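**Q** Sequence:
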Amino acid sequence: MIIPNSTFKLNRGFTLIELVMVLVVLAIVSVGLTRFIRSSTQIFIDTSERERLLREGSFAVERINREISDAVPNSVRLTGNAGVHCLQFVPIKWSTFYLTLPMTPSSDREMDVFEMQDIDGNVFTPNNGSDYALVYPTSSDDVYSNTSNRRHLINSCSDDGDGDCATDDDADGVVQLTLSGAFSQASPAKRMYIASSAVNYCVRNNAIYRHESTISPTQTTFTSGGVLMAENLANALSADPNFAGVNSQNPFRVIDASLRRNAYTQTQFIFARDSEYMTFTQEIHVPNVP
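Note that this note's numbering numbers the sequence shown so that position 269 is 332, with each residue one more than the last.
Hints may contain errors.
Each pair of labels, with its calculated beta carbon distance range [to be verified]: (1) A302 to S221: 22 to 30 Å; (2) R101 to E275: 45 to 53 Å; (3) D183 to T344: 35 to 43 Å; (4) L162 to V186: 40 to 48 Å; (5) T344 to D319: 18 to 26 Å; (6) G236 to Q312: 46 to 54 Å; (7) E275 to V186: 20 to 28 Å; (8) A145 to T241: 42 to 50 Å; (9) Q329 to T97: 41 to 49 Å; (10) S243 to Y340: 49 to 57 Å; (11) F306 to G236: 15 to 23 Å; (12) D183 to S276: 38 to 46 Å; (13) V309 to T286: 23 to 31 Å.
Hints are computed from structural coordinates only; laboratory data are not their basis. The model shown is predicted, which means the values in this text are computed figures rather than measured ones. Even for Gly, the Cβ is constructed at its ideal location relative to N, Cα and C.
Just need the whole structure built from these sequences, with the hints factored in.
**A** The structure is reproduced here in structure tokens:
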């Protein structure tokens, strides 16, 4: 049987040159696809790292902003060294207006304040023996030290109803606080703040930590412990936490009050991760006034 020449040509295989050409083309396509996939993956990784830095920084800045904005006026202060910088302030538990105020050198210890409750009718009752009443603090010493007689311990709270501040049954809406001492200065706005502890934000070891402490004349520089708030900080800390030079990377700065404004706080956090850098700068004003 004779096979036609045309059928023989259709059934023959690839030549070596054709196979080599196919392999070369596949290699070129593979290299291109690999570079494309690698580039796309790197872009995704960079974007993810940038978003992570943004989330960490935004959380820390927003948390600090909210807490300082609700702090006792002039309670923000700063301490530290080349290894750690700590910002301290006293959060307000409650604020109200007073009607009568015991003043030195009087032996009177009773203070009349408006009944303390929120818009929903929830009554605030101070913790006797642990909460402080503060009146007209114009400096951090007035907040943290008792020598100026502008901060005194609340020993008891009573009203003209059943004697219990928590029951909200006083006819005139005025309650009486018994204090540990009399005040040396009255508030022009008759404002009174209640607080019990201090909050500290410390930057060390490329991270931000939150600490709670007592209200004490001496500010603590926390070198360990606390609650981790953010990582990957790249701020270079100077030996003087109050240094405010052009190239300063200090995370905190406290600007003293002037005749036209209250004191305010500046924060600067530089986050870095895998060659990605992001800087958050915030100016925080305390809306409360003495």
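**Q** Now look at each hint and say whether the structure bears it out.
**A** Hint check results:
1. A302 to S221: 22 to 30 Å: 51 Å, violated
2. R101 to E275: 45 to 53 Å: 48 Å, holds
3. D183 to T344: 35 to 43 Å: Distance hint for D183, T344 holds at roughly 37 Å.
4. L162 to V186: 40 to 48 Å: 18 Å, violated
5. T344 to D319: 18 to 26 Å: 19 Å, holds
6. G236 to Q312: 46 to 54 Å: Taking Cβ atoms as reference, G236 and Q312 lie about 51 Å apart, which means the hint holds.
7. E275 to V186: 20 to 28 Å: Taking Cβ atoms as reference, E275 and V186 lie about 25 Å apart, which means the hint holds.
8. A145 to T241: 42 to 50 Å: Since the Cβ atoms of A145 and T241 sit about 46 Å apart, the hinted range of 42 to 50 Å holds.
9. Q329 to T97: 41 to 49 Å: Once the Cβ atoms are compared, 48 Å apart, the range 41 to 49 Å for T97 and Q329 holds.
10. S243 to Y340: 49 to 57 Å: 50 Å, holds
11. F306 to G236: 15 to 23 Å: Violated - the Cβ-Cβ distance for F306 and G236, about 50 Å, lies outside 15 to 23 Å.
12. D183 to S276: 38 to 46 Å: Distance hint for D183, S276 is violated at roughly 31 Å.
13. V309 to T286: 23 to 31 Å: 29 Å, holds
The structure fails hints 1, 4, 11, 12 (numbered hints given earlier, in ascending order).
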